[in-house]
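> Add chain E to chain H, keeping to what the hints say.
Residue numbers (this note's numbering), protein chains in the order written: chain H, 1 to 168; chain E, 1 to 180.
Hints in this document: simulated from the structure, not taken from any laboratory.
Treat the hints loosely; a few may be bogus.
As the list claims (entries may be wrong) - Simulated pairs of lysine-lysine, DSSO-like, Cα-Cα distance not exceeding 30 Å:
| hint | chain 1 | residue 1 | chain 2 | residue 2 |
| --- | --- | --- | --- | --- |
| 1 | E | Lys-123 | H | Lys-52 |
| 2 | H | Lys-52 | E | Lys-24 |
| 3 | E | Lys-24 | E | Lys-163 |
Computed from a prediction, not measured in an experiment: that's the story for all the values here.
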Amino acid sequence: MFEFAEWLGSTPLSVAIQSRLWLTPLLQTIHITMIGIVFVSMLNVALRVLGKIRTDEPLDEVWHRFAPWFWCALGVMAGTGLVLAIGEPVRQVTAMSFWIKMGLIVIGVGSALYFGRTIGAAAAAVPLVPSSRARFIAAATIVLWLAIIFFGRSIAYDVEIWESWHLA
Amino acid sequence: MDLTPLVEAAQNSALSEWMRTSLKAVAIINALHVISIVTVFGTIFIVDLRLLGYPNVKRSFLRMHHELLRWTWGAFGIAAITGVLLFMVNAVTYHRNTAFWLKMAAIVIAGINMLVFELVTAKTAPSWDKGVTPPPAARAAGALSIILWIAVIVFGRWIGFTKGYDFSIPEDVQFDFPIQ
Numbered sequence: 001m002f003e004f005a006e007w008l009g010s011t012p013l014s015v016a017i018q019s020r021l022w023l024t025p026l027l028q029t030i031h032i033t034m035i036g037i038v039f040v041s042m043l044n045v046a047l048r049v050l051g052k053i054r055t056d057e058p059l060d061e062v063w064h065r066f067a068p069w070f071w072c073a074l075g076v077m078a079g080t081g082l083v084l085a086i087g088e089p090v091r092q093v094t095a096m097s098f099w100i101k102m103g104l105i106v107i108g109v110g111s112a113l114y115f116g117r118t119i120g121a122a123a124a125a126v127p128l129v130p131s132s133r134a135r136f137i138a139a140a141t142i143v144l145w146l147a148i149i150f151f152g153r154s155i156a157y158d159v160e161i162w163e164s165w166h167l168a
Numbered sequence: 001m002d003l004t005p006l007v008e009a010a011q012n013s014a015l016s017e018w019m020r021t022s023l024k025a026v027a028i029i030n031a032l033h034v035i036s037i038v039t040v041f042g043t044i045f046i047v048d049l050r051l052l053g054y055p056n057v058k059r060s061f062l063r064m065h066h067e068l069l070r071w072t073w074g075a076f077g078i079a080a081i082t083g084v085l086l087f088m089v090n091a092v093t094y095h096r097n098t099a100f101w102l103k104m105a106a107i108v109i110a111g112i113n114m115l116v117f118e119l120v121t122a123k124t125a126p127s128w129d130k131g132v133t134p135p136p137a138a139r140a141a142g143a144l145s146i147i148l149w150i151a152v153i154v155f156g157r158w159i160g161f162t163k164g165y166d167f168s169i170p171e172d173v174q175f176d177f178p179i180q
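Looking at chain H on its own, in the form it has when it is part of the complex (with noise of 0.2 Å):
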């Protein structure tokens, strides 16, 4: 993995993206921006489930007004990620950090796949006061993507968060 990230951030691509120095700002601020819209779309879905907002509209119209500024919103963040990424891979495949995230990434992803296809037939078993089932799933949602925003945060403090378990 580390020699392929060296082949890659010696590639013309990655060249090219290191060498302009206003990109990699540009597509941090883009990238933070849309983990914002990403984090507060499934913040608003997990404390519809929890009771504390919204509970004069039904489960899945608030999923349904959501659903798309998550799904593009995560679609721009992984986009302007993978830009950042080549441009920088050495420093990606050895952060801990980044590995991290990408796994609660496939989680997150994974399970809002799961609850968008299974909400039509879930939301009518919704009650107004939910289950603590229910309660549990939505308060570890709400953890997994706070912690996906740190664990990317800490992708430019690796060795100072992880010390010896850094991968370089």
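Chain E in isolation, oriented as in the chain H frame:
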């Protein structure tokens, strides 16, 4: 007003010294700062879009405003505390950083925009609470808020790339700091 003595005192404080010498403090505080600022942006973005009439005006504005802005304020409180702590770590450097002051200016203008909205425009909200397109003043406040909070993120990110430098940095100067 010369803030230099205050800024130097902040940087020379025991708390600042502890954060600088701690391996993980700055990293964790920085991550919490990002979490809180994206929550501020994301929650206020939904309220701002509703002011613009998007996606529709079916739901009560006042209800949504009440439900979401407590999260915005909670997150803003954490962003402010973590922001002050991060400032203290390198107060002298931030004090002379243009991006930092532009970020502060954007936050102040966003605050004034919000204050004017709450004290003037929101008083008329019962008449356009739902089913009606919000008045121009409300739409303007929403649009301005979106622009200003995006500006806060832009300048916030720019601080990491200009720390110790300024916007007038010559193009041939090499950036030799770690990307943060």
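> None of the hints should be skipped; say for each whether it holds.
Against the structure, the hints come out as follows:
| no. | hint | in the structure |
| --- | --- | --- |
| 1 | E/Lys-123 with H/Lys-52 | 25 Å, holds |
| 2 | H/Lys-52 with E/Lys-24 | 34 Å, violated |
| 3 | E/Lys-24 with E/Lys-163 | 20 Å, holds |
Of the hints listed earlier, the one the structure fails to meet is number 2.
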